[in-house]
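Line order of the protein sequences matches chains A and B. Sequential numbering of the first sequence, starting at 16, is according to the numbering used here. Sequential numbering of the second sequence, starting at 16, is according to the numbering used here.
Read the hints as simulated data drawn from the structure, not as lab findings. Accuracy of the hints is not assured; some may be wrong.
When chains are identical, the list treats them as one kind, so a pair holds in a single copy or across two.
DSBU-like, lysine-lysine: derived pairs with alpha carbons at most 35 Å apart [what the hints assert, rightly or not]:
hint : residue 1 : residue 2
1    : LYS64     : LYS225
2    : LYS145    : LYS64
3    : LYS299    : LYS204
4    : LYS40     : LYS145
5    : LYS64     : LYS261
6    : LYS42     : LYS145
2 protein chains.
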Amino acid sequence: MAKRKIAVIGIGKISQDQHLPVIDKSKDFELAACVSTRGIGHGDVPVFKTAAELYRAMPEVNLVAVCTPPSVRHAIVREALDHGKDVLMEKPPTPTISELDDLRAYAKKKNLVLFQTWHSRYNAAVDKAKSILRKQGVASVRIDWRESVRKWHPGQDWVWEAGGFGVCDPGINALSIFTKIMPFPVFVKSAVLKFPSNRQSPVDAEIVFKSSEPHQPEMSAGFNWLEESGEIWTITIQTLDGNELKLEKGGTVLKVNGKTKVEAPSEEYERIYEHFAELLKKGKSEVEDAPLRLTADAFLLASRYNVDEFHW
Amino acid sequence: MAKRKIAVIGIGKISQDQHLPVIDKSKDFELAACVSTRGIGHGDVPVFKTAAELYRAMPEVNLVAVCTPPSVRHAIVREALDHGKDVLMEKPPTPTISELDDLRAYAKKKNLVLFQTWHSRYNAAVDKAKSILRKQGVASVRIDWRESVRKWHPGQDWVWEAGGFGVCDPGINALSIFTKIMPFPVFVKSAVLKFPSNRQSPVDAEIVFKSSEPHQPEMSAGFNWLEESGEIWTITIQTLDGNELKLEKGGTVLKVNGKTKVEAPSEEYERIYEHFAELLKKGKSEVEDAPLRLTADAFLLASRYNVDEFHW
Chain A
16 MAKRKIAVIG IGKISQDQHL PVIDKSKDFE LAACVSTRGI GHGDVPVFKT AAELYRAMPE
76 VNLVAVCTPP SVRHAIVREA LDHGKDVLME KPPTPTISEL DDLRAYAKKK NLVLFQTWHS
136 RYNAAVDKAK SILRKQGVAS VRIDWRESVR KWHPGQDWVW EAGGFGVCDP GINALSIFTK
196 IMPFPVFVKS AVLKFPSNRQ SPVDAEIVFK SSEPHQPEMS AGFNWLEESG EIWTITIQTL
256 DGNELKLEKG GTVLKVNGKT KVEAPSEEYE RIYEHFAELL KKGKSEVEDA PLRLTADAFL
316 LASRYNVDEF HW
Chain B
16 MAKRKIAVIG IGKISQDQHL PVIDKSKDFE LAACVSTRGI GHGDVPVFKT AAELYRAMPE
76 VNLVAVCTPP SVRHAIVREA LDHGKDVLME KPPTPTISEL DDLRAYAKKK NLVLFQTWHS
136 RYNAAVDKAK SILRKQGVAS VRIDWRESVR KWHPGQDWVW EAGGFGVCDP GINALSIFTK
196 IMPFPVFVKS AVLKFPSNRQ SPVDAEIVFK SSEPHQPEMS AGFNWLEESG EIWTITIQTL
256 DGNELKLEKG GTVLKVNGKT KVEAPSEEYE RIYEHFAELL KKGKSEVEDA PLRLTADAFL
316 LASRYNVDEF HW
């Protein structure tokens with residue numbers, strides 16, 4: 016079968032690191048165009064300043080991957096759906112829940128595929144952990160998610176702006192794994208967010224979760240954006256059977272009682288595009304909103320503290 | 016038909032001001048019991064310290080109205096549903112969206128009625144405004160919602176705690192009207208929240224809304240909790256036909272171009288209980304989440320500022 020033509024909208028770090036190289040080697044997709052307000056392209060495909068120009072010039076392109084910052088996504092995805100395009104969205108989807116709900120409803124109304132990606136979910140170690148927890152139950156969960164904002168978002172001031180999520184931008188990756196592997200619904204019980212006094216999004220978050228499980232498992236998460244020792248992206252789970260699971264390196268490694276059970280090279284974006292191809296074949300949308308909801312819930316009921324200023 | 020027996024859980028200010036007197040004169044309901052951790056009752060009905068005691072002692076009571084602060088609602092409503100009770104909930108429903116979604120799904124699973132009340136929606140002036148806007152369209156909306164926290168929540172420290180909503184507790188009433196009357200979906204575009212430097216919830220909120228309407232109506236809201244001149248609970252709307260609608264006094268009065276069109280005595284809670292009776296007759300739940308979502312969205316993407324300390 017011929018490859019499906021896809022355009023990438025928003026050519027920033029994540030497009031250049033992941034989307035474009037993964038599309039280049041995909042058996043399902045081929046890059047047809049880039050849309051970049053800054054005029055950045057890839058290979059020899061056409062580059063448009065706006066999506067409207069793309070839709071006019073290349074109406075045969077029926078798919079778009081939207082990789083802009085979340086603040087402008089709602090209008091861009093609505094516009095794409097209005098032009099009859101199926102859409103893949105980078106995470107986090109939108110700055111608000113109402114916008115994500117609206118896009119889901121709108122895609123359904125237009126009978127188009129909307130796929131909300133959560134890259135950290137696409138790891139064999141995550142699937143294996145889910146299956147173990149379904150059988151063994153959960154006694155406790157601790158999420159530790161610490162990285163350097165200077166390394167992962169160099170100079171990107173938008174992550175510090177209101178609506179930019181701050182440390183919850185990486186943290187939502189942990190929540191996307193957490194909500195995938197848990198065998199029961201989880202809720203935010205309390206949260207503490209720390210804001211650099213010169214910024215509008217948090218540098219540190221500590222979240223306590225609750226559930227309706229009778230045995231009341233203890234569950235919590237700590238996110239920090241000033242970790243310079245390297246990435247700590249770990250979820251530690253005690254099962255009711257007395258075993259300890261550790262998902263390490265962002266969900267790519269699973270250890271059980273200290274022994275490595277799954278360790279696969281990270282091919283998250285390869286699997287995202289494979290999954291998108293399947294959804295397109297079935298004509299089926301997939302918009303999982305639990306990670307965004309938990310994040311919104313943490314902001315809604317957090318205690319807030321100001322801490323040291325942040326400068327790049 | 017015999018009146019339906021109902022118990023009220025949480026005997027605070029709103030129960031005493033509204034729920035209990037309205038039930039007393041209702042043709043559909045009769046008060047069967049109170050649940051109050053502080054042992055506060057009403058008339059000569061039994062008082063229980065916990066809902067579990069009520070359910071054990073009076074299994075014939077099939078309905079509960081939950082009027083506690085939102086922080087403990089999720090567990091209380093889940094417990095009520097587990098005991099086969101239909102449930103009415105005071106606003107705001109829960110401190111987080113995930114909890115409200117869970118309760119809605121759980122009521123559906125249990126095949127029970129869950130009714131999320133938003134009292135400000137129950138006014139003839141609101142219904143009339145909705146019908147005018149459907150015909151005339153919306154050019155702009157300004158919400159002004161200012162009242163004295165000292166008058167309306169005297170000494171209630173929980174409203175200032177994390178998860179207590181702060182000035183968005185009254186503000187969500189405005190949003191419940193706003194989301195009822197608007198003929199199209201609205202989203203939070205930006206927000207500024209001001210927190211007393213010794214409190215964890217905001218005293219002042221300024222929210223800008225957006226929509227996907229091509230003519231981009233200007234819509235905004237200002238909430239303040241230190242207004243001592245009296246209540247200002249006003250929504251001003253310019254229609255595309257060039258008329259000015261003013262919903263005043265919390266949605267009980269509608270003026271069109273300065274002339275009063277609807278002015279009815281406030282019977283919000285009477286209408287809530289009438290509506291609950293209808294829902295029970297039909298076996299139908301009603302959980303409208305848009306007001307809570309917009310509130311959560313405002314917290315998620317707000318700029319935050321510290322202002323003067325608040326003391327009672």
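Failing hints, ascending?
Of the numbered hints, 2, 5 do not hold.
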